[in-house]
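Counting with our numbering, you get residues 19 to 315 for the letters of the sequence shown.
Don't read these hints as lab results, they were simulated from the structure.
Certain hints may be false.
[To be verified] Here are the simulated SDA-like pairs of lysine to any residue, each with C-alpha atoms no more than 25 Å apart in a straight line: (1) 98 x 126; (2) 154 x 164; (3) 84 x 72; (4) 48 x 60; (5) 98 x 78; (6) 299 x 57; (7) 154 x 130; (8) 98 x 271; (9) 84 x 276; (10) 154 x 232; (11) 299 x 43; (12) 98 x 289.
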Amino acid sequence: MTEILSGAATKTAAAAPSDVDEAGLIRAAKARTRRRQLLILVAQIVLVVIVLGGWQLGASSGALDKFTYGSPDGVVQQLKTWFSDGTSLGSIWHNIGVTMQETVLGFLIGTVAGVVLGIALGRIRALADVMAPFIKAANSIPRIVLGSMFIIWFGLGPSGKVALAVVLVFFSVFFNAFQGTREVDRNLIANARILGASEWRVTSQVVLPSAMTWIVASLHAAFGFALIGAIVGEMLGAQAGLGQLIAQAQGNFNADGVYSGTLIIAVLALIAEFLVTRFEKRVLRWRPTQLSADGGL
Numbered sequence: 019m020t021e022i023l024s025g026a027a028t029k030t031a032a033a034a035p036s037d038v039d040e041a042g043l044i045r046a047a048k049a050r051t052r053r054r055q056l057l058i059l060v061a062q063i064v065l066v067v068i069v070l071g072g073w074q075l076g077a078s079s080g081a082l083d084k085f086t087y088g089s090p091d092g093v094v095q096q097l098k099t100w101f102s103d104g105t106s107l108g109s110i111w112h113n114i115g116v117t118m119q120e121t122v123l124g125f126l127i128g129t130v131a132g133v134v135l136g137i138a139l140g141r142i143r144a145l146a147d148v149m150a151p152f153i154k155a156a157n158s159i160p161r162i163v164l165g166s167m168f169i170i171w172f173g174l175g176p177s178g179k180v181a182l183a184v185v186l187v188f189f190s191v192f193f194n195a196f197q198g199t200r201e202v203d204r205n206l207i208a209n210a211r212i213l214g215a216s217e218w219r220v221t222s223q224v225v226l227p228s229a230m231t232w233i234v235a236s237l238h239a240a241f242g243f244a245l246i247g248a249i250v251g252e253m254l255g256a257q258a259g260l261g262q263l264i265a266q267a268q269g270n271f272n273a274d275g276v277y278s279g280t281l282i283i284a285v286l287a288l289i290a291e292f293l294v295t296r297f298e299k300r301v302l303r304w305r306p307t308q309l310s311a312d313g314g315l
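Using the sequences and the hints, build the whole thing.
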């Protein structure tokens, strides 16, 4: 009995340093990750300061024509005017709301349609063969042409902008969903069928989860495409929206107004990217997290 207890104590003592070393490695990896993130943030801030500072210096010294290129202080003043006094199209918040409504609707409709049709064609080869030439033909039509067509069909209201956003989002999500469905491990599908799963259960419980990585990855670009569709549609013709504000600023040769509208769009896109990233982490939280030892990308 004494020998057994002695052996167990020896094993415990031997295992303890290993656990400590592993915990230390994890802490060191996290510390390297935090340092890398801090360095990236500092580099980004420095880059912004250099660009804006150079732009302002060039505009103030006369090296850059303010009428043509605008200036950072002019952009700030334009934003103050829009947010305090409003715009010719109403409150700036109203215009932001119109654009975001069109964008979100186009994003949701296009995503659902892309996922459903992508999985359907990925699962049913005969349907994919029938639809392939039509999808390729529709995807080849320039989006600016579609925007003009939608303006004619739906008028200056939000419907045409939503339709254009849907088209841009649909193809982005569809091709990822289609390819993700085709890449599903056939052994998983075969095993599910052997266990008696119906085609619906195979699709919903095997194919869809397996293709989710592809689908979620496409959402990062999809929201940007939805925003582009709404903005382009508004620039072609609208009663309100950020795209129409930029079009009016362009027509008035107001460079600061163009930059101000672009800046607002960029901020909205970054917020959407943050939300999509959070959604991705939540949906795909089953994936193992890898801590890079060298801190590389």
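Now for the hints, and whether the structure bears them out:
| no. | hint | verdict |
| --- | --- | --- |
| 1 | 98 x 126 | violated, 32 Å |
| 2 | 154 x 164 | holds, 15 Å |
| 3 | 84 x 72 | holds, 13 Å |
| 4 | 48 x 60 | holds, 18 Å |
| 5 | 98 x 78 | holds, 20 Å |
| 6 | 299 x 57 | holds, 23 Å |
| 7 | 154 x 130 | holds, 19 Å |
| 8 | 98 x 271 | holds, 19 Å |
| 9 | 84 x 276 | holds, 13 Å |
| 10 | 154 x 232 | holds, 20 Å |
| 11 | 299 x 43 | holds, 24 Å |
| 12 | 98 x 289 | holds, 21 Å |
Hint violations for this structure: number 1 only, all remaining hints satisfied.
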